[in-house]
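One line per chain: the protein sequences are A and B, in this order.
So my numbering is basically just the index in the first sequence, starting at one, shifted up by 517.
So my numbering is basically just the index in the second sequence, starting at one, shifted up by 517.
Treat identical chains as interchangeable: a pair holds within one or across any two.
Distance condition first, Cα-Cα at most 30 Å in a straight line; then the derived DSSO-like pairs of lysine-lysine:
(1) 1211 - 761
(2) 545 - 1010
(3) 1216 - 1201
(4) 761 - 545
(5) 761 - 1216
(6) 1201 - 1211
(7) 1211 - 1195
(8) 761 - 563
(9) 563 - 545
(10) 584 - 1216
Because the hints were derived from the structure by calculation, they are not lab data.
Protein chains: 2
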Amino acid sequence: MDVDFVISFRASKKTSISKKQTKDEARKAEIQYSRLLETLSYGGLKAVGRRGDSLGHLLVFVSCPDKLVQNLIIRERQSDFLSGLPVTPITNGNESMPLAPSDRLRLVHAYITSIPSDGGLGVTPGSPEWDLVESIFCLHDRSFNEQWIHAWTTSKIASVSDGRIRDQFGESVALYFSFLDSYTRALVLPAMIGISFYFFGTSYSPIYSILTVLWSIGFVEWWRVRERLISLRFGTRGSFRVEKRRAQYDPKFSWWKRELRMLASVPVILGFAALLFALMTGIFVFEAFVTQLYTGPGHKFISFSPTVLFVILVPRLVAVFQLCAQYFTQWENHAHHSSYNSSLTLKTFIFTALVAYLGLALSAFVYVPFGEGLMRIVQVWLFNGIVPHTGSQMNANLTDSSQAPQKAEFWDVDASSAETKLNPGRLKDQMFAYTVTNQIVNTFVEIGLPYVLRKITAFRTKKADPSNGTGSSLGKKKVVFEDEKEKGGQAEKEFLDQARAEAALPEYDVFGDYSEMVIQFGYVALWSTIWPLAPVMALLNNLLESRSDAFKITVHERRPTPVRTDTIGPWLEALAFLSWLAALTNSALVYLFCPREHSQCTSSDFGGSESAIERVHRHLVSTAGKEGIDGIWGEHGKGLGATKELLVMALLVALAASHGYLIVRSIMRHIMERLLWKGSEEVKERERDERMVKEVFLKGLGGGV
Amino acid sequence: MDVDFVISFRASKKTSISKKQTKDEARKAEIQYSRLLETLSYGGLKAVGRRGDSLGHLLVFVSCPDKLVQNLIIRERQSDFLSGLPVTPITNGNESMPLAPSDRLRLVHAYITSIPSDGGLGVTPGSPEWDLVESIFCLHDRSFNEQWIHAWTTSKIASVSDGRIRDQFGESVALYFSFLDSYTRALVLPAMIGISFYFFGTSYSPIYSILTVLWSIGFVEWWRVRERLISLRFGTRGSFRVEKRRAQYDPKFSWWKRELRMLASVPVILGFAALLFALMTGIFVFEAFVTQLYTGPGHKFISFSPTVLFVILVPRLVAVFQLCAQYFTQWENHAHHSSYNSSLTLKTFIFTALVAYLGLALSAFVYVPFGEGLMRIVQVWLFNGIVPHTGSQMNANLTDSSQAPQKAEFWDVDASSAETKLNPGRLKDQMFAYTVTNQIVNTFVEIGLPYVLRKITAFRTKKADPSNGTGSSLGKKKVVFEDEKEKGGQAEKEFLDQARAEAALPEYDVFGDYSEMVIQFGYVALWSTIWPLAPVMALLNNLLESRSDAFKITVHERRPTPVRTDTIGPWLEALAFLSWLAALTNSALVYLFCPREHSQCTSSDFGGSESAIERVHRHLVSTAGKEGIDGIWGEHGKGLGATKELLVMALLVALAASHGYLIVRSIMRHIMERLLWKGSEEVKERERDERMVKEVFLKGLGGGV
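Bound-form chain A, shown alone (with noise of 0.2 Å):
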């Protein structure tokens, strides 16, 4: 029997304490346990049950015959031709053509999950008719695996003509392939203008920010029209209108109330984000005062304090969102898969695009240039006044000052050192932590530590199997089905055990590697003028990437089920937003940050240049020198006048920018659409296809229309 999908399905899911409880949840289970298989049999379905990892768990094998399949595409056909989707050899007939595995597994997992209206069988886990099925999977082709990891461990991984991704894994996963193929190509670009500008030119350098902003715009315009013909090429141009609709869904809903709920969660990301703002803001506080001026007794263990800070505190916070924005998009009731997911997927992009770059943003545009300020004001509150009053001597070590002499004992009360936390080498810094570390790190965990994290759980359930058997899972004795026993020879016993390790294994989401290459896209595109080398890391890492994404789902995750796809959706737009960031990040900090001889900031390598920051800092520290710590802040002090027009300055140049983009954008997506997009043999393919279908259409007419 060639098995095409597995259902995990379990009897209890918490365990029950009470005997009754017990009893009445095996009841349910073997109520709802045959009515799984009479469903599946009735749907003309072959499917045998085994038992899974545990008892009380079941693996039902369900194949589907042929001729369902034939009857399945045939419907899939008319439904595609009907709603305008590329059907492409629609005059050949009756004749099948050789279908792809995935094609295969797609049309059985939506006839055995769609609702009865769309013609399916309606078993979708997690809905509460089915509340038992854990989920439905498919399982991996060993050989093809095999087959593939050797391609490209020695060549390239992934090309859209070579359609072996598409053909094993569905349209889904192989757009992403092609995604990630891509945007490595296009990263060579600014990987070689960072190059040049690390090692001949400044950072800050007006120039490399344009031509990355420019490059960033155009990757996003150019992949806008190459996704539209990867789609015309897989023929699934247009899927969405002929998805199926989820099960959860409520049809007596209207499209504002849905729209107004989405509007919901906005003050709720907001509210969010203003806790992690507080907790960065709180977490750099601490590393800039506790850890430089903290000398007394473990102060080389406190320096690693903020690092854990925010390693144990930051990944709380997302979690917690996380659940909240699945919450929400339940309760915004889409009706349809792809609709939920955009609307998952933007919520979480933009919280995980501000746990990325928010620390930045606050290094660039608050901590560095108004750091100082903030600084002193937090020193006088924490010494209640040993700070300097004369800005001239600011810099000299302040221990042996006579005010409260007691206090500074553990206290390096000397702003310098604060201070070199407060330069844009910190930026530079960050950058190396966020594209270089964090990128091996995400590497291990992605590859390394499912190992690690198997050996554990096999360890453990080794020691627990014993307990488990006589202990908890005592009362679940009795739901042991006909279907657990086990049956069968050598050859079924390895298929069974495959099985149930890729049973256990996690459900492969793409959302994750997306997520990874847009936030990767945004640190080039918005922050990489700190640090030019960071397209360079990001390329570095995506060649690996390439490799460890494949290595993972062919290893470290279930098969993905084919899901029909025309465009990397909310990615699309999320790279759009980031571009449009990067025009206004780039400007502002290239005008606060770039040194300039007067108002010019084209040539940089003069003596006596200073950034606008520099500048600002100067009035901020003679005004300091007049007026003492209050005229910093004060109202009449010049520095706050200065610092103001800076901002203002920096506020125009970022809405000049903006509007810049905009007009960029709108040339560089018109030349694509020229370019690649009319005239290309897949749009002309396309046209003659329509053009003959509907010349057929006439003849049968007999040409009176």
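On the provided structure of chain A, position chain B as indicated by the hints.
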């Protein structure tokens, strides 16, 4: 014979002198004339020639047999279907449905004029092959016109559901009238707001501005959906896909070459804009100084001179620009009439809008804020120093100054009289002139002037007739064709008189009418915060306008050749651009002119409030008082700083408003799309039709796709 079209054929274009030339021309005309008749009858049309309004001028009456029309219908329906246009009753088979006069005329016109490779006869006026064919036009349907005029004098002129205009004049004209109707209804809203703010609020009210900008965005986005719905109802959606090629088009031409040529007109437009700017500034200076300060002999007459100068010079400039634009658009080598028209329209619109709004923009953003400074500079230059050196005495009459009394004799060197010109009142006067005086003049030009002109022409030709017969057209006597002789009875004579009269009328072009409305929209959206009664005036004008336009079409112009169209095309872009500009100008106007107390601009009826401009003026004056005339624009003057800050802040406000515009627009577009497009009757019907066609197709294939 039912005449479909009249071809106006003129044997010689200009009076030629030498006998040889005359002979050659006569021979050429004879050859081309017989070729024309041959081509027409070869194409299956009936053609009869008659004498035109003068010797050498012939009118060829063309009529198309019903059989040929049937063939043309079938051919068009097939090509429509193949190109994906909505073809409604496609299942009716060979039956023909009642054909509207406009469809018949359109088909015959396309057949006569389109190039042979598009299946036409290729008789295109203006092409080198047919240089003597002046024009091809259709004759008015007198009885329809009378009925129609009667209908709209008693009730409203047009609605889409009432398809009379479409059946008579084609989709293009019908779309204009339904645009006019929609726009006029939409104007009721700002008119009401305007009245309430004029009587109960103040001008430059931020609330009024916000409401106006919101209205303009809303209207544009509403129309964007509305015109799509109309085009679905007309069945013309996507009509550009089946458009016939222009005869002048050179197919060996790449897209980028055309677009570079389109870019080439940018500097030309800029050059003309600069000329216009110089002209207007010149007139302004002339107005401000010569008419106000000159008190010598004849100053009563001289005070009219700026208006006279404007009326004489600006139309000249517009005419020259129009020629340039036509030349450039020809040179761009467009494949289709629609793209040719839209390119020409955009160019012309830009310049028309400049002419319309530049005066106001200069007044609002240059003369009123900085005019005083400018004027003093000019004064200095004019009188070599007979200017008040102490700003506090500036307003004193200096005619009795001891310096240069001989020059001041004829000049009222009183800055205060110039100042009166330079207050926001100037803006109100300008708005009144543009929205009231101009519109009255326009209506007269459209309705009354043609009568006058025709009277004059008739009088002239009567006078010139005898000399015409004997003088220059002596040579033409030889070019008397057989067809020039008068034949037939009284009915034919009347018919011929009508045809000759209509041949003398100008061709109708929808451009002028759209242009007038769009420019008016601009006044309402961009500038009505200056004078909130402007929308009321626009509304009043438009109630008359729809009738005067209809009258113009039926009486003063030739019957328009029906054209299929699915959009108001470049005008929609123009409207969108104006609504964007409205966001900018409104925010800048409110920022500059709204009286405020401290930084709040919400409550505006305080005694001590002053607008940002007044504040800067005060700065300027006080600076001038301290440092004299040179101090105003001097390096160290406080005035310069304040002016610069004002400019920077105004720019910041405008840029922020532009972003606000983009956000509001995308929200509005989304809402309109959901509310009006999705689920609308037209869209559903279209989808039903398409599905039906496809289902018929599937049935034909026996279900086996």
